Each structure stands twice: as structure tokens, then as C-alpha cells.
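Participant: One-letter residues, chain by chain:
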Amino acid sequence: MPKTRYILHVDMDAFFASCEEAVNPDLKGKPLIVGGTKNDTRGIVSCPNYLARKKGIRTAMPITRALQLAPEGNFIRGTRGIYSDYSKRVREIFYKYTPLIEPMSIDEAFLDVTQTLRPFKGDVYELAFALKEDVKNTLGITCSVGISSNKVCSKIASKENKPDGITYLLKDEEQDFLHGLPVERIPGVGKVTLKHLNKYGIFKIGDLLNYDKSFYEKEIGMHSGYLLNVANGIDNREINTFEDYDQKSLSKETTLDFNTDDKHYLEKELYYVLERACSRMRKKNYISNNLTVKVKYADFTVNQKSHIINRFSNVEMDFYEDSLALFDKLYRKGKQIRLVGVRFGDLRDNDGNLQEDMFVKEDKFRSLVENMDKIRKKYDYNVIKFGKTFDI
Amino acid sequence: MKFSISAEKFFNAVNKLSYVVPGSSHTTLPILSNIYFKLDSNKLRMVSTDLEAFITTDLNVEGTEDGGVAVPARKLLELLKAMIIKNESVSVTEKYSSDSYGLLNAEGLVPELNLYSIKYDNAKGTLVYRGSIPEETFEGLKEEFRLFKENKGTIAAEDLKTALDDLEKAVTALGKSAVDTFKKTTEKLKIKFESNDKNKITVNSKNGKYQFFGEPLDDYPLPQDKTELSRIEISGNRFKRFIQKVKHSVKNDEIRRNMAGVFIDLRKNELRFVATDGFRLSKIITSEFSHTNSKDENFILPIKTVDLIPKIVTDSSLVMEFDNMMIKFTIDNFNVYSKLIDDTFPNYESVIPKDNDKKLLVNRYDLLSALRRASIFTDKVTMKVKFEVIGGELTIKSDNPEIGGEGEETINCDFKTNSGDEISDAFSIAFNVSYLVECLSQIDTDEVIFTFSAPAKASILLPVASMNEENFMELIMPVRVG
Chain Y
1 MPKTRYILHV DMDAFFASCE EAVNPDLKGK PLIVGGTKND TRGIVSCPNY LARKKGIRTA
61 MPITRALQLA PEGNFIRGTR GIYSDYSKRV REIFYKYTPL IEPMSIDEAF LDVTQTLRPF
121 KGDVYELAFA LKEDVKNTLG ITCSVGISSN KVCSKIASKE NKPDGITYLL KDEEQDFLHG
181 LPVERIPGVG KVTLKHLNKY GIFKIGDLLN YDKSFYEKEI GMHSGYLLNV ANGIDNREIN
241 TFEDYDQKSL SKETTLDFNT DDKHYLEKEL YYVLERACSR MRKKNYISNN LTVKVKYADF
301 TVNQKSHIIN RFSNVEMDFY EDSLALFDKL YRKGKQIRLV GVRFGDLRDN DGNLQEDMFV
361 KEDKFRSLVE NMDKIRKKYD YNVIKFGKTF DI
Chain X
1001 MKFSISAEKF FNAVNKLSYV VPGSSHTTLP ILSNIYFKLD SNKLRMVSTD LEAFITTDLN
1061 VEGTEDGGVA VPARKLLELL KAMIIKNESV SVTEKYSSDS YGLLNAEGLV PELNLYSIKY
1121 DNAKGTLVYR GSIPEETFEG LKEEFRLFKE NKGTIAAEDL KTALDDLEKA VTALGKSAVD
1181 TFKKTTEKLK IKFESNDKNK ITVNSKNGKY QFFGEPLDDY PLPQDKTELS RIEISGNRFK
1241 RFIQKVKHSV KNDEIRRNMA GVFIDLRKNE LRFVATDGFR LSKIITSEFS HTNSKDENFI
1301 LPIKTVDLIP KIVTDSSLVM EFDNMMIKFT IDNFNVYSKL IDDTFPNYES VIPKDNDKKL
1361 LVNRYDLLSA LRRASIFTDK VTMKVKFEVI GGELTIKSDN PEIGGEGEET INCDFKTNSG
1421 DEISDAFSIA FNVSYLVECL SQIDTDEVIF TFSAPAKASI LLPVASMNEE NFMELIMPVR
1481 VG
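Here the protein sequences come in this chain order: Y and X.
Under this note's numbering, think of the first position of the first sequence as 1, with each following residue one higher.
Under this note's numbering, think of the first position of the second sequence as 1001, with each following residue one higher.
Rather than coming from a laboratory, the hints here were simulated on the basis of the structure.
Being a predicted model, the structure only gives us computed values, none of them experimental.
Check each hint, because a few of them may be wrong.
[Claimed, not checked] Listed next, the in silico DSS-like pairs over lysine-lysine satisfying Cα-Cα at most 30 angstroms (straight line):
id : chain 1 : residue 1 : chain 2 : residue 2
1  : Y       : K248      : X       : K1251
2  : Y       : K38       : Y       : K252
3  : Y       : K305      : X       : K1380
4  : Y       : K333      : X       : K1339
5  : X       : K1380     : Y       : K364
[Claimed, not checked] What the simulated footprint calls covered on chain Y by chain X, stretch by stretch (three residues with Cβ under 8 angstroms from a Cβ of chain X suffice, anywhere in the stretch; the number is not a length):
id : region
6  : 306-312
7  : 319-325
8  : 353-359
[Said to hold, decoys possible] Here are the computed distance ranges between Cβ atoms for each label pair:
id : chain 1 : residue 1 : chain 2 : residue 2 : range
9  : Y       : D299      : X       : E1233     : 50 to 58 angstroms
10 : X       : I1255     : Y       : K284      : 24 to 32 angstroms
11 : X       : S1434     : Y       : K96       : 44 to 52 angstroms
12 : X       : N1269     : Y       : T255      : 55 to 63 angstroms
13 : Y       : T255      : X       : T1028     : 31 to 39 angstroms
14 : Y       : R65       : X       : N1258     : 48 to 56 angstroms
15 : Y       : E362      : X       : I1255     : 19 to 27 angstroms
16 : X       : I1255     : Y       : K388      : 15 to 23 angstroms
17 : X       : S1466     : Y       : D346      : 40 to 48 angstroms
No residue lacks a Cβ here, since even glycine has one placed at the ideal position from N, Cα and C.
The shape of chain Y in the complex, shown without the other chains (with noise of 0.2 angstroms):
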């Protein structure tokens, strides 16, 4: 029999609100609503804290809405830059446990810690305590482990104890703890397949055994034997490290505040994205010509344009030119925009060598984009801006 695996899944509690918090202790104490302020009538809740939460604020609930139900509240639109800047140190925190990480988003990432509980004495609450601990002192910002042995279960146990809490599954438990939660907790179950679990009689995962593999192959397609072993507790996946799979691209999309055609707005988005996606590609020394350029509209639609630039590069001035002309292609004045992302492709390490070019003075350029690479390591992304994106 295999050895039991030590999984932990680290949920950040009201992420964006706790990082404003923290960055701004003025805000503690009242509910508080990022997403927009109390003037953007068309704003969408996108993260409220939990004195928010309490008062019935939801995400993606209209800021209005939000306004009737909490009126005290503190309204803002977010920041940019500090979410992505906590979630890095947060990660650095992490690698104090376990090299074993494997980021899901921007607020949660598997951890497994199996081999790393010696300091702890085997006893993996201990660790996971001593974690949970140590991101709330270092950054004063909670999170919420789910302990099991497997993903699935620590996922979905990570959010029985919000905010600040541990749940630890034993391996027997798990089926036990499983069986008694509504089967939409199952990550991957959403709207559609509910409907049809529900009109089955299927309401609790435990509900699940009641049928056989061919069942769900039949009536549920795609989660046939995935639905199957969550109900009996089998999930042997592998934290997948970064590091794991060799990058071939490397992408940065923001989700705007508000949706909006004003071009002159959606170019300095695209400028910021650029920059990011530029700043990560020197970060990890490598170089690249395939520029993407994606947008995904008010209806959720999305396109996207490509172009392979003549020389290879990692400098944003390179690409901003073509960004913008790809950019063009998809505009239409009137057609709302909700994102725009960039992405590269064909990433190659860079070795320093570099075809000149005669009409771009790229030396200065390159200088003054490293050196504020260092700065934006040393302090925080935002210290240091162009002048195009200051105002966003």
C-alpha cells in the first residue's frame, strides 16, 4: 500500500479586500467592497471582505446592490499591481514548507508536504498551523487549509472553516466527510451538470454511489469516472510545480474595472499588460517575436490577433507599436471590452545576442526597464509607472 500523501490546499480569505486591508489598515472595520467605487453604477462586486459577506454581499453582485445592502461600507476600485505582488509572497512563505507547490490562481495553490514533516514531528496539522500562522504575521492576511490525501478532498475541505481555520481530514474520514456536503461543492460542478445530478435524485456527493460508471458516462458525460472517485475519496493527481513543465509561452491578461470602449483607456490597459508580460519574460531571461494580442468582450466573446515581429526581444518598446496595430484589428468603437491580454509565444532563452536595429535606440530603453525591474523587486510594483499608465 503507498504511503499516505499530505495535501494541502491554502485558500486566501477575501483576498483583494485583505490585501487593500493590509495595505490600508483605514479600511478595517467596515465592510469593505472592491470592485468599484459607490459612483460606478455599472460595477460588479469583485471582492468583499467578511463584515461585507455578513451584511449579504456577494461577488459578482452590481455595486449598486451592494450600496443598498451595506451603505457604510468602504467602496473602491482595487489596485492594481498589489494582488499579484501579496500572492508572490505568499508563495515565497510557502516555499518555507514545501519546494511541492503548485499555484491555482492568484489566492489558492495545492502544497504537498508529505515529505517535509520532520520539523513538525510528523504531524501535519502542526505544519499547516505554523503556515497558516506565519502568512498572517508576516503579512497580516489569513487563509483557510484544507488537509487531506488527496486534492480533490483538501479542496473542497479548505472551505469548510472560513476565515482563518484548519480542516484536517484523516485518510478514513475523508469518504465520511465527503458523503454529507451538497454535490455542487465538487470543484467543476456548476450550473448545468447540478440540474441534471438533481433531476437524478443525486443532492449529496454521498448520493453519487447510487449509480454506476455507465451512468454517467450516459447522462453526464465528461465527469463520468471523475464524479465517481471524488464520491469514494480517489484523487491521485500530483502537485504540479511550475517548474515542471517547460514554458513555450507566457501570457498577462487584466479584467477591466468596468467594461468600456474608450480606446484611449484600453490602450493604456494593453500598455500595462505588455509591460508585465515584458517584465516576467526578462525576469525569466528568455526572448520572444510571437505577439497575441486577446480581447474578450461585454458578452464574453473573445478574440484575439497574432503577428510575428521581425526580431527577437524582450523590451516592451518592441512590441507596443505592433500590440496597438493588432489592438486596432479588434477594436470597434461601441463593441465593450472586458479584458485585454497579451501573450507570447515561441519563448526562447536569451543568450544576449541582438540583430540592431537602425530606427530603434533600444540601449537607454533596455536600461531604464531593467533598473526598474529592480526597483519594482526591491519595493512593489506600483513604486515606479510610465506616465501612460499612471492613471489606471
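Dock chain X against chain Y, hints included.
Facilitator: This is chain X only, laid out in the frame that chain Y set:
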């Protein structure tokens, strides 16, 4: 509409017009896959377009009934081709040595002639021409060959010279035999063309009768003739040659178009053709042209038109009339109308260095051959080859750390300052090998001059002597070695 015309003349016109006809999958306007035909007594007006460019011509025909129809271009062209060209490949009877062919091919000399699809048939030991080419093109080939010989001057290597002489003999025979075949089949062949009011087209020849449907002319877009255009006149051959000299430097960029064409820069007594992609720049200047305005004018000719005009150009003169939006070319009885690129060409003069103080003189063939070998071992990102010059020797190095290969060879050279003093210090600089090869291929002289200032600064390539009132230079940006 009813008219008759000689097959050769008709084919020639339809063939040229079809250069701009878009493929049916490439156009949203189906009428454009047709050629516009309109007959007014003995004058047949023909027009084709892809909306970017228009080609028009007026043919003298024996007209019997006026009218008009839009004729499916590909169908008509294929039919005419099949009617007049009996034999699509012609072999030279005279045996040709495969060694000579191989030698010329290795030196890159055959491709320069190869515009006309001349291949070597290993089995028969003969040269073979493939394709359908009307008579005048073969005349063009002979002219091309003469120019080619003239420009190259004498070839140093004895066996190379023999090979070239051989090739000339063979090509002449080849041309003669193809022209004979072509003449025999087309001279006497008459085509009768008619269309009725239902746009049904009938093509009659001695082979038989072919019927197909055209479209009404109503929606066919026509070019607008403008007045008050500036006018330049230049020889057709010179235009073709100039385009050939600079075209490789055009930036192939669909989304930013300011360098996606040849910049034609008209100065007082100077006509300049310039192309650049930021990494290299080609510039050729002549004073042999005439123009109506004495003021400075310029425009960017889009690469598609740059490719199109040489196919239509003949030996006779070429007239360009333009404003800031469009250009009209007049070439014999053909007119080509094209949009111009509505953007600003970069200030190219400011990037051409005037203070390059080191001068490298080297044999162009030796260098080209060495570069072709070196290019096999360059990395794929910068494709860099490194020049190391010391004393009278130029060492060319390439390496590809990714796959682990390298090459190095040394050729003789002459390295001096501008004032003629020997440079004893070593100098090194790196370039993208494909840019170098393309630039060197456009230099006409046996030897080439490079000028340098520093390893990260622009280098200039020049022929040792220029011909026919022209002045050619190429600039190439180095690869900075990290």
C-alpha cells in the same frame, strides 16, 4: 459583342491582366474573378482588379458587334493556354555538361537566370525549359543574359567562364527552339470571341468551339483617371533593375505598413529607390529620368505592386503619374493603377553613417561561397556569422550552441582606413547571414567594399564601381554579441 484577334496577342493580354485577379477564395466580391471586356468598334477595353491595383489595356481587334461582358479570368486563361501551347517543355538538342551546370548552380548563378524555369535534365544530359512563355519573354531572356554577362565582367575562375559560355550557347539554342515552337503554333491561330445578351460566351478557334457564362458588367469597379498628376519617365529595364536591387530589404509586415514597400524619392535631378526593414537598407539613385515637376516628391509603392510591375514592364519606357494617394503606370498599351501606402517612410538619410572609417575589400564570390557554408551552422534566432579581420585575412565564424556545430574559414582581404593606411588592430563584427547573402547578391561587381566604424554600428556595402549613371549602396545593421 463579337470580335476576332490573333491568339498570341489575346493570350498575352489576358495573361498580364490575370496577375491581379484574386483567387475566388480571396475575395468577397465575386465579380473580381472576372476580366472586364468592352468593345467599341475595333477597340477592346480590358480591365482587371483586386481593388488594390487595376490593370487596363486597349487592344486593336477586328470588331463586328459592340457590347460588354465580364469574363471568368482563370477559365479564359487556361483555355487560351491550352489552345496555343502544344508543347509545355522544350529540350535543347545540344548536350550540356552536368558539371558545368552544377558549378554554375553552386555559385548561385543559375538562379539568377532561373526566372525562366531552366532545369537540368540529368537523364538526357540536356537543359529543359518548362512552362508557357510567349515569344517576347524569350527575347527578354537573351537581353537579361547579355546584361548579366556585362555586369559580371570577366569571371576569374577559368572553368567558371567556360561554364558560362556553355550556358549562353545552350540557352540561346533553348530560346530559339522554344520560340520556334511557340511561333509555329500561335502565329496563324485566330480566335473568334462572342457574347450574347445573356452573357453567354463563345470562343471559336480551329480546334473547335467552347462556351461558358460570364457576368454582366454593371457592378465592375473601374479605375478613376485623375488630372494634375506628377509625372516621371524612366526606361522599363532600369525600373525593373532598380526594383530588383532594393526589393529584398522591404519589410514584410501586414500590420504596420510604413516600410512595406519601396520608397520612391524624387529629388532635384535624382530619382532614388529605397527599401528598408530596420535591419538593412538598400538605396539606388539615378539621374537618368525625366519628370514634369521640379519639386521634391515621394511615395511608398506597396510590395504587391512592386512585384507586379516587373512582370508587365517591357524594354520600352515606363511612365509613372502620381499624387499622394495613387499612382498610374503606363507601359506600352497597358496601364496599371495602384494605391500608395498612406504612411510616412522613416527618415532613412539620418541613419546612413557618414563617418565609417574602416574599409574592407573582399572578393564577392569567395565571400558568398564561404557564407553559404557558414549559414549551415548559425543559430536560428539571430543567424549570426562573425567577421574577424586582422591583417590581410578575414575569418568567418559561425556556431550553433543549441545543436552543437561550428564552422570557420579564412579568405584574403584588404583592410585599410579611409586614407589608405593599413589597420593592424583586429576588428570583429557579426551579421545575420541571410541579410548578408541577400545584400551581396545584389552587388554587381566581382569585389565588394564594406565600411565599418564600430561593432555595434551600421555597416555599408558598396560595389567597387558603379555603372550607367547609377549609385547603389546597402546598409546592414550588425548583430550585437552578448
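Participant: Has the hinted range 44 to 52 angstroms been met by the Cβ atoms of X:S1434 and Y:K96?
Facilitator: Given range 44 to 52 angstroms: holds, Cβ gap about 50 angstroms.
Participant: Is the listed coverage of the region 319-325 of chain Y by chain X valid when you require three or more residues with a beta carbon under 8 angstroms from a beta carbon of that chain?
Facilitator: Per the Cβ count (3), the hint holds.
Participant: With a cut-off of 30 angstroms on the C-alpha distance, tell me whether Y:K248 and X:K1251 pass.
Facilitator: holds, 27 angstroms
Participant: In this structure, is the beta-carbon distance linking Y:E362 and X:I1255 contained in 19 to 27 angstroms?
Facilitator: holds, 20 angstroms
Participant: Using the beta carbons of X:I1255 and Y:K284, state whether their distance is inside 24 to 32 angstroms or not.
Facilitator: holds, 27 angstroms
Participant: Would the pair Y:K333 and X:K1339 pass a check requiring their Cα atoms to be no farther apart than 30 angstroms?
Facilitator: Answer holds: Y:K333 to X:K1339 is near 26 angstroms, not above 30 angstroms.
Participant: Taking beta carbons only, do three or more residues of the region 306-312 of chain Y come closer than 8 angstroms to chain X?
Facilitator: holds (count 4)
Participant: Quick check on a hinted range of 15 to 23 angstroms for X:I1255 and Y:K388, using CB atoms only.
Facilitator: Between X:I1255 and Y:K388, where Cβ atoms are some 21 angstroms apart, the hint holds.
Participant: Please check whether Y:D299 and X:E1233 have a Cβ separation lying inside 50 to 58 angstroms.
Facilitator: About 57 angstroms separates the Cβ atoms of Y:D299 and X:E1233, which means 50 to 58 angstroms holds.
Participant: Would the pair Y:K38 and Y:K252 pass a check requiring their Cα atoms to be no farther apart than 30 angstroms?
Facilitator: holds, 29 angstroms
Participant: Can you tell me whether the CB distance of X:N1269 to Y:T255 sits inside 55 to 63 angstroms?
Facilitator: Once the Cβ atoms are compared, 60 angstroms apart, the range 55 to 63 angstroms for Y:T255 and X:N1269 holds.
Participant: Regarding the pair X:K1380 and Y:K364, is the alpha-carbon distance no greater than 30 angstroms?
Facilitator: holds, 26 angstroms
In this structure, none of the earlier numbered hints is contradicted; all agree with it.
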